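For the sequence shown, the residue numbers in the working numbering are 64 to 379.
Note that these hints are calculated values from the structure, not bench results.
None of the values given here were measured: they were computed from a predicted structure.
Treat each hint with caution, since some may be false.
[Said to hold, decoys possible] DEER-style ranges, computed between Cβ atoms:
| hint | residue 1 | residue 2 | range |
| --- | --- | --- | --- |
| 1 | Gln-118 | Ile-322 | 35 to 41 Å |
| 2 | Leu-98 | Asp-140 | 25 to 31 Å |
| 3 | Pro-256 | Thr-99 | 22 to 28 Å |
| 4 | Asn-90 | Thr-315 | 43 to 49 Å |
| 5 | Ser-252 | Phe-323 | 16 to 22 Å |
| 6 | Pro-148 | Val-292 | 20 to 26 Å |
| 7 | Leu-136 | Asp-103 | 34 to 40 Å |
| 8 | Pro-324 | Pro-104 | 33 to 39 Å |
| 9 | Leu-224 | Glu-87 | 26 to 32 Å |
| 10 | Trp-225 | Asp-140 | 39 to 45 Å |
| 11 | Gln-118 | Thr-315 | 33 to 39 Å |
For glycine and all other residues, C-beta sits at the position ideal for the given N, C-alpha and C.
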Amino acid sequence: MSVKSPKLPSIKKKKPPKDNAQAEVLNTLGLEAFLTTPLDPASLLDISTWTLEKQAPLEPKDLPNAFLQRLWLFSQDARSPCCKPLHDVLNNSNNSPEEIRNGFKEESQCAVNPLDLVTAVFMSANTFLQQEMTVRMLQCQFAVPLVLPNKDPEEASRFLLWPLRGAVTQWRSHFPENNRKVYGGDLASTYMPVVSCVRLGHSVVSKSQVLNNVIGGLGSSCDTFIHRVMDGGQLSRRLSNGLVEIGWYLPTGDPVRDIFPVPVVISNSVVMPVNMKNASAFYVKRLQPWWFSVGIFGRKKNKFLHLASIWHTSSY
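Take the sequences, apply the hints, and build the full model.
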């Protein structure tokens, strides 16, 4: 009598991602484990925000905690990806706080691009922590992610509209017939015009720096959008390709100071994925009008610019 052994279910192995640069960044920052068990607001209990003294990150794995700690203290250098070696910290232990800050800028080393740091923390956080980070980033006048790229370049990106619901702000009307009354609302559902900005090709002009000057005016010290002149901005982006970040311009009611009479959403695309037709259709159809920073580009980007003009014409 023969007994047939039961067939075991076949286990299909997942294909490893073609580009391991994304996994390397997460591994460098010590966040690879949080892709399966995301960070939540309770994880902030392990981060001390009771002291105003900033502890310099000693290695790249300290950067996510340093980012959250500085963000909760509303520090303008929250997105800094710089680490300071331990021996430099010990040597400067007897120096004054001002000397320590100056020495940190001179001797620190940037581990990743600051956009990769922000993208990695948002990838590793659940929706509730993403909402808390979004609120605080907007209070610091930082741009926040709207479209978050996936760890696997072949997978679809995530649209982070829900975390914006907690971001509530106020602005003043610019028109005398409304007596310049104060308006308010959450930034996710309030109707505002959108200006989408994309760079095609290589250009010596920093698109993000231009946008910062538009939002804050020339000579403004606030960097809403991360640009190449910032610490670590010269490093290549390995995780944030395809990221779309947004910032807001909110009028104060003063016609002399205000650039726009109404609130405006500014969308900044980080490396347009021109080889993805669906993504290109989303950018062109949903984020209008457009502002292109055009440099020297090849045939693919030229084709995308042609498609953009077709989609733009057909939408009216």
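Right, here's what the structure says about each hint:
1. Gln-118 / Ile-322: 35 to 41 Å: 38 Å, holds
2. Leu-98 / Asp-140: 25 to 31 Å: 27 Å, holds
3. Pro-256 / Thr-99: 22 to 28 Å: 40 Å, violated
4. Asn-90 / Thr-315: 43 to 49 Å: 45 Å, holds
5. Ser-252 / Phe-323: 16 to 22 Å: Given about 20 Å between the Cβ atoms, the range holds.
6. Pro-148 / Val-292: 20 to 26 Å: 24 Å, holds
7. Leu-136 / Asp-103: 34 to 40 Å: Between Leu-136 and Asp-103, where Cβ atoms are some 20 Å apart, the hint is violated.
8. Pro-324 / Pro-104: 33 to 39 Å: 37 Å, holds
9. Leu-224 / Glu-87: 26 to 32 Å: 29 Å, holds
10. Trp-225 / Asp-140: 39 to 45 Å: The hinted range 39 to 45 Å is violated for Trp-225 and Asp-140, with Cβ atoms some 28 Å apart.
11. Gln-118 / Thr-315: 33 to 39 Å: This hint holds: roughly 36 Å between Cβ atoms.
Of the hints listed earlier, those the structure fails to meet are numbers 3, 7, 10, in rising order.
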